[in-house]
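Chains as they are written, first to last, in my numbering: chain A, 1 to 140; chain B, 1 to 148.
Any given hint could be a false lead.
[What the hints assert, rightly or not] Here are the simulated lysine-lysine pairs, DSS-like style, with alpha carbons at most 27 Å apart:
#, chain 1, residue 1, chain 2, residue 2
1, B, Lys2, A, Lys7
2, B, Lys33, A, Lys52
3, A, Lys63, B, Lys2
4, A, Lys39, A, Lys19
5, A, Lys52, B, Lys135
6, A, Lys87, B, Lys33
7, A, Lys60, B, Lys29
8, A, Lys39, B, Lys33
9, A, Lys121, B, Lys29
[Said to hold, decoys possible] Reference listing, derived: stretches of chain B covered by chain A, where coverage requires no fewer than 3 residues with Cβ under 8 Å from a Cβ of chain A:
#, region
10, 2–14
11, 105–112
12, 123–130
Calculated from the structure, these hints are not laboratory results.
Every residue, glycine too, gets a C-beta built ideally from N, C-alpha and C.
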Amino acid sequence: MSGNESKVTRMIILGPAAKISQSELVGKLHMLELPLTIKSTCYGSVIHGEEKDVLDAVSKIRKLDPPNIFTKDRGFPPGDPRRCRAKRGGAREGFHQLEKEFELLGYVGEALDCPEVVDLKEPGKISPEEFRKIAWECEK
Amino acid sequence: MKVAIFPPNSLILADLVERKGHEALVLQKEIRKKVTDPEIDSPPFNITEEEPIKGLKYAAIEVPSGIRGRMAIFGPLIEEAEAAIIMEDAPYGFGCIGCARTNELSMYFLRKRGIPLLEIHYPNTRDGTMEVVNKINTFLDELKAKEA
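Okay, chain B solo, but in the shape it has when bound (with noise of 0.2 Å):
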C-alpha cells in the first residue's frame, strides 16, 4: 500500500513503513526527478515559473508563492497516498524546509482524504519513542491485514 508520511522527509517514518513491506511516498522521491532531469531550466534545481501555477489546484492565488511551488511538489503524494502517518510536533527544519503554511495545508489535504490515517506526535522521551514506533506498527499491520 502507498503510504504518505508527514513530515514527508522523514528517516523513521520512512524506514519503519518500508520494513512492513508498504510503499513509503517521500518527498526525496519528487525532488530526484527536478534535479536528475538532463534539462535544469533553473539551476541548480528544476523548479520553474511552472510550480506555482501547478500549486493553483491546492491553494488560491493570494496565497504566496513559496506554498504554492511546495504544494506543486508536495500535491501529487497526497493524490497518490492510500493511508497516511502524520507526526506533529517535528522540530523546525522537518517537512517542507521549515515552510509553516506548507505543513499546516499538506496535513490539512491529507485529513480531507478520508483514507486511513493515524496521527502521533513527534516524541522527545525513551517511552514516547517506543510508543510512537509501536503504534505506527499496529497501524501499518492493520493496513496489510485489510489488503489481504
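One chain only, chain A, in its complex shape (with noise of 0.2 Å):
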C-alpha cells in the first residue's frame, strides 16, 4: 500500500450520446502514454494514478467530445476487493445511483451543447394594483 495515499481514482462515464466507445476511449487513455492503471468498465473506465497525470488525462480525453464525457472522483482504487464485483457478487455500492444519474446524461450534455443564461430569482407574488394594471391593459 505504500505510496497510494498521493495517488488517485476517477471515474470516465460516457453519456447516452457520446461518439466514442469505451473500448475507444480506453484506447486513446492507453495513447496518451501516461503512468495510469486504466480499467475499461461498462459506463466508460476507470483510471488509477498520481493526481497530476489523472487531472492531464482528464482534460485530454474531454476534449474528444466535451459535453458527452463525464468524470467523477472514486474513493477506492479500481479493483479494490472491498468494492470490485468480482470479489463481492451482486452490484457495486454506487452502481445504482450511477444508473440513475445516466438516465439524465443525455439531457445534460444536450443543455451543455446549447447554453443559455438563466434567471436564479425565483418568480414573486405581484401587487394588486400591478395586476389590475395587467388586466386593464389585456382588455384594451
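Using the hints, build the complex out of the two chains.
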C-alpha cells in the first residue's frame, strides 16, 4: 500500500450520445502514455494514478467529446476487493446511483451543447395594483 | 472557488462544477483518505470510534452515532466550502448512503454558513434537466465573476 495515499481514482463516464465507445476510450487513454492504471468498465473506464497525471488525462480525454464525457472522483482504487464486483458479487455500491444519473446524462449533454443564461431569482408575487393594471391592458 | 455539493457524491453536480473551473468538494475525497491509509484500524474501512466523537462538533450526544459518524466525514467539507449547490429530492441512495437525518443536518449546516447558495430540485424530465443545468452554469459563472 506504500505510496498509494497520493494517488487518486477517477471514473470516466460516457453519456448516451457519446461519439466514442468504451473500447475506443480505453485505447485513447493508453495512447496518452501516462503512468496510469486503466480499467475498462460498462460505463466508460476507471483511471488510477498520481493526481497530476489523472487530471491531465481527464482534460485531454474530455476534449474528444466535451458535452458527453463526464468524470467523477472515486474513493476506492480500481479492483479493490472491498468494492470490486468480481470479489463480492452483486452490484457495486454506487452503481444504482450511477444508473439513475445516467438516465439524465443525455439531457445534461444537450444542455451543455446549447447553453442559456437563466435568471436565478424565483418568480415572486405581484401587487394587486400591478395585477389590475395588467388586466386593464389585456382588456384593451 | 471551493464549491460544496449536495448530494455530496453526485456525478452531475461534481462534473458541472469542475467544468467551470471550480473545485468540487465531494465525499469521495474524504472517503479516499479513510480507505487508502496504510493503517486500517477497523477493516474494511477506517471508520473507528473516533468518528462519532468528532461528529459531536455537529450534532448532540443524543443523536445516533451513525449520523455523528457521517457528519465527521461530511462536516469538514461544509466548513471548507466557499459556495454550495443543494439538489433536493434526489432518489434514495444518493447522499450519505440514504441517511435522511444526516442529509437534513448537512443541508441545515450549508444554509447556516451564509455562503452563496443555489437550491434546486432533482429533475425528472428533459426540460427540467436542461433548466437545472442552465441554472447551475449561471450560478457558477456568477461565482467566477465575483472571484475576479
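Against the structure shown, which of the earlier numbered hints fail to hold, in ascending order? 5, 9, 11
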